[in-house]
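A.B. asks: With the hints as extra help, turn the sequences into a complete structure.
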Amino acid sequence: MLDRIAEALRSSRADHTDIRCERAWTSAAAARGRRVEGLTRHRDAGGVVRCLVHGRGWGIVSFTGLDRLGEMVTRAYELALAVHAEPAPALAPVPPRELLLAHPPADDPRGVPLAERRRVLDTLTGELFGVDRRVVDLQLALRDEVVERWYVSSEGARIHELRSEGTVAAVAAAREEGVVARAVDSVALRGGWETMRGHEAWIRAVGARAVALLAAGRPRVGEMPVVLDPRAAGVMVHAALAHQLEGDLPGALPLGAAVGSEHLTVGDDPSASPLRGTLTVDDEGTPAQPTLLVQSGVVVARLHSRASAARTGEAPTGNARAASFRHIPAVRVTNFHLGRGTGSREDLLAGIRLGCYIEDARGVQVDGDRLALVVGEGRMIRDGRLAEPVRDFLVHGTRAEWLGGIEGVAGDFTWNPAAAMCARGVDGAVPVTDGAPHVRVRRLHVGGLLA
Amino acid sequence: MIPQLLERVRRAGALGDIVAKQDDALVLELEQGRLVRSAALRERGVNLRVLREGRSGVAGATDDDVEALVEAALAASEDGAPAEFSLPEPRPLPRVVTRIPRAAAAAADELRFLGQMVGDRLAADGRVVRVTVEQSVGSVRSANTAGLDAGYETSTLALLAEVAAPDELVVRGEVIQSDLPDGATLERLVERLRRTRRDGTEKFARTVKVGSGVQRMELEEPTTPELFAALWPLTRERRVRKRRYAVPEGSLTWEVDEFMDRTLVLAEVELPSAELQPQPPAWLAPYVVREVTDEAEYVNVNLARPDAGA
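Residue numbers (the numbering used here), protein chains in the order written: chain A, 15 to 465; chain B, -16 to 293.
Rather than coming from a laboratory, the hints here were simulated on the basis of the structure.
For every residue, glycine included, the Cβ atom is placed at its ideal position computed from N, Cα and C.
Among the hints, erroneous ones may be present.
Said to hold, decoys possible - Listed next, with one range per pair, are the computed distances between beta-carbon atoms:
no.	chain 1	residue 1	chain 2	residue 2	range
1	A	Asp17	B	Glu72	47 to 53 Å
2	A	Ala219	B	Ala268	37 to 43 Å
3	A	Thr294	B	Glu72	34 to 40 Å
4	A	Ala229	B	Pro73	55 to 61 Å
5	A	Ala226	B	Gln(-13)	52 to 58 Å
As the list claims (entries may be wrong) - Mimicking SDA-like on lysine to any residue, the simulated pairs with C-alpha atoms at most 25 Å apart in a straight line are:
no.	chain 1	residue 1	chain 2	residue 2
6	B	Lys4	A	Ala42
7	B	Lys4	B	Ser161
8	B	Lys4	A	Thr78
9	B	Lys4	A	Leu95
10	B	Lys4	A	Glu159
11	B	Lys4	B	Ser122
C.D. replies: Right, here's the structure in full:
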């Protein structure tokens, strides 16, 4: 395939041409309650050609099927000739590489019959409903995917890689005396079919959390100190900063900007393995590398593609990512993390007379400068200890209140294994991982009820 | 490919139906009137659903491997969801226009001109105006083992505009329709006028809407008292007169509109999440008659009526 792509690329008259082709095999299974709702298989194949003509700009063609590559190169070149971008786009130099990394997983899910997915659904469903009679409903989704990619550039890059991943996601509902509580969780693992095994304890824990939440009340409303567990802290820092550190966006933070307290250290690490955001090279063939972005509350670097690096005079960081062959690479985070501090969760809880502890952040609403964390599960903090459980509420404040208010970061850093995606408008959604330790924020508004 | 697929499904003793789609799109991105990026998308794919022995299975592909697609769908049905349905048989179908030839045939230069025209209307000192024009021409075909074989062709023209200026919000809007928003459509620009009085000062804003119905392009810009005075009489038949009160409640602000030309008071609050249900505060709750969020007749444009007032 690499040779076929290289042959097509040789016909290009553009100053720079690159071709990225992709084949994806996806299987999915879903259950609602004890009933299987669907089993599906999908094969997807296609590619994208980018032509850059100096003094003009980019012409881009994406397509399904892989049998008309030469025609697509010609079309992309013609499109580039019509462009008059000012300033003319350029690419920061990156040494071309040949990387042949397409090793199928030992336990290749493409060879596993769909009936096995049905068995996994049945097993996990049985485990969940066996937790407690009060568990009354379940939405369960399995998905496994193998994606093979080829990348060839006119500069001489030749890359062939294969990525395999399995995802399990569940929503469990418990009911008692008219009260309904839900627990939500997901796990995404890189690897072959083995990623679908061994989730019995995990789904029992999801069911147990739903049952435990039946006894949870609403939090006391008001402003108070907040301690976030590593998952919630990762979600919050991602929402507050990820897009602002992507160097191709007009609103990217400038170098030197003060964005948080001295305890705030943030980075992006595509080399942390094996996580959802882990890359060897990005979708322009640039080696992926760890980047320290915020140090002691100050922006010290930004993420870049080759194009955004050329525009800003900064260095490419290997963060050009495309959601699929239907998308062109844009600057995106990979494994985004809040750096570890020192001490433990208990150290952060100490001294808080009344506060809120967040265990499960189900999302973030960003409205201009305000961030509202949608909290599914938490605990009140009373006299430095975790107290009664609370659920379904918002914690909100401005970016300055969230990030500037960080007054303690523990040393218990963990990556969140959830099936997280980072979406950005027309650039689509890419898989990412967030990581963080426990974090204490000085004062935030707790309250606002979820229906 | 479709007859082969259906024949293969029949031979397997199954029922089946297919949706096949293909689409050719051209995307032009303009900034300050210049074409800065040009992209094309050619996509086709097929989804096959089979029903065998009371269970259904689905498979999809973007290649031409008929055998692999049918095998995948049949395999999915073996352990798939229990299902019972019958497939529609061939019958006369209504003729519906889903492709406008002039939109489908519009050349790249025409599309670029359209984008430039919109950009020109929005241009102002200090503003960055980005316009994206996307033309999409495609077809959809649906067929089944009961003999139905129907299809239609589509054209879509999307016009997206983004206006940014220092110290202003980025404003985005879009038009999506089957036809070109050519001269005739652009002449139907709707200018909706709104004025607000707050803290003793009067602010004028002009909201420009392109088209109507599902077309959605809305750009609001400050305007002058003189222009407002000139345009206001034109809205005589379509006015809403109301007094707005802003009432802080915790971190939220309730906006209460007292209509001056009818007996109606509406309260509205912006919630940080669409998942939230509004909880009327204690001072408001006794007066709430009902929730009207989803009632179209309470949208400003539908509340507007002839007005002899100011």
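A.B. asks: Check whether the Cα positions of Lys4 (chain B) and Ser161 (chain B) lie no farther apart than 25 Å.
C.D. replies: 17 Å, holds
A.B. asks: Under the criterion that the straight-line Cα-Cα distance not exceed 25 Å, is the pair Lys4 (chain B), Ala42 (chain A) satisfied?
C.D. replies: Roughly 21 Å between the alpha carbons, so the hint for Lys4 (chain B) and Ala42 (chain A) holds.
A.B. asks: Sort out whether Glu159 (chain A) lies within 25 Å of Lys4 (chain B), counting only the CA atoms.
C.D. replies: OK: Lys4 (chain B) and Glu159 (chain A) at ~23 Å, within 25 Å.
A.B. asks: Is 37 to 43 Å right for how far apart the beta carbons of Ala219 (chain A) and Ala268 (chain B) are?
C.D. replies: 40 Å, holds
A.B. asks: Are Lys4 (chain B) and Leu95 (chain A) close enough, with their CA atoms no more than 25 Å apart?
C.D. replies: 30 Å, violated
A.B. asks: Range first: 34 to 40 Å. Now tell me if the beta carbons of Thr294 (chain A) and Glu72 (chain B) are that far apart.
C.D. replies: 54 Å, violated
A.B. asks: Honestly, do Ala226 (chain A) and Gln(-13) (chain B) meet the 52 to 58 Å range at C-beta?
C.D. replies: 55 Å, holds
A.B. asks: Do the Cβ positions of Ala229 (chain A) and Pro73 (chain B) conform to the proposed distance bound of 55 to 61 Å?
C.D. replies: Since the Cβ atoms of Ala229 (chain A) and Pro73 (chain B) sit about 59 Å apart, the hinted range of 55 to 61 Å holds.
A.B. asks: Under the criterion that the straight-line Cα-Cα distance not exceed 25 Å, is the pair Lys4 (chain B), Thr78 (chain A) satisfied?
C.D. replies: Holds. Lys4 (chain B) to Thr78 (chain A) sits at ~12 Å (cutoff 25 Å).
A.B. asks: In this structure, is the beta-carbon distance linking Asp17 (chain A) and Glu72 (chain B) contained in 47 to 53 Å?
C.D. replies: 49 Å, holds
A.B. asks: If you draw a straight line from the CA of Lys4 (chain B) to the CA of Ser122 (chain B), is it 25 Å or shorter?
C.D. replies: 6 Å, holds
Violated hints, in rising order: 3 and 9; the structure is consistent with all others.
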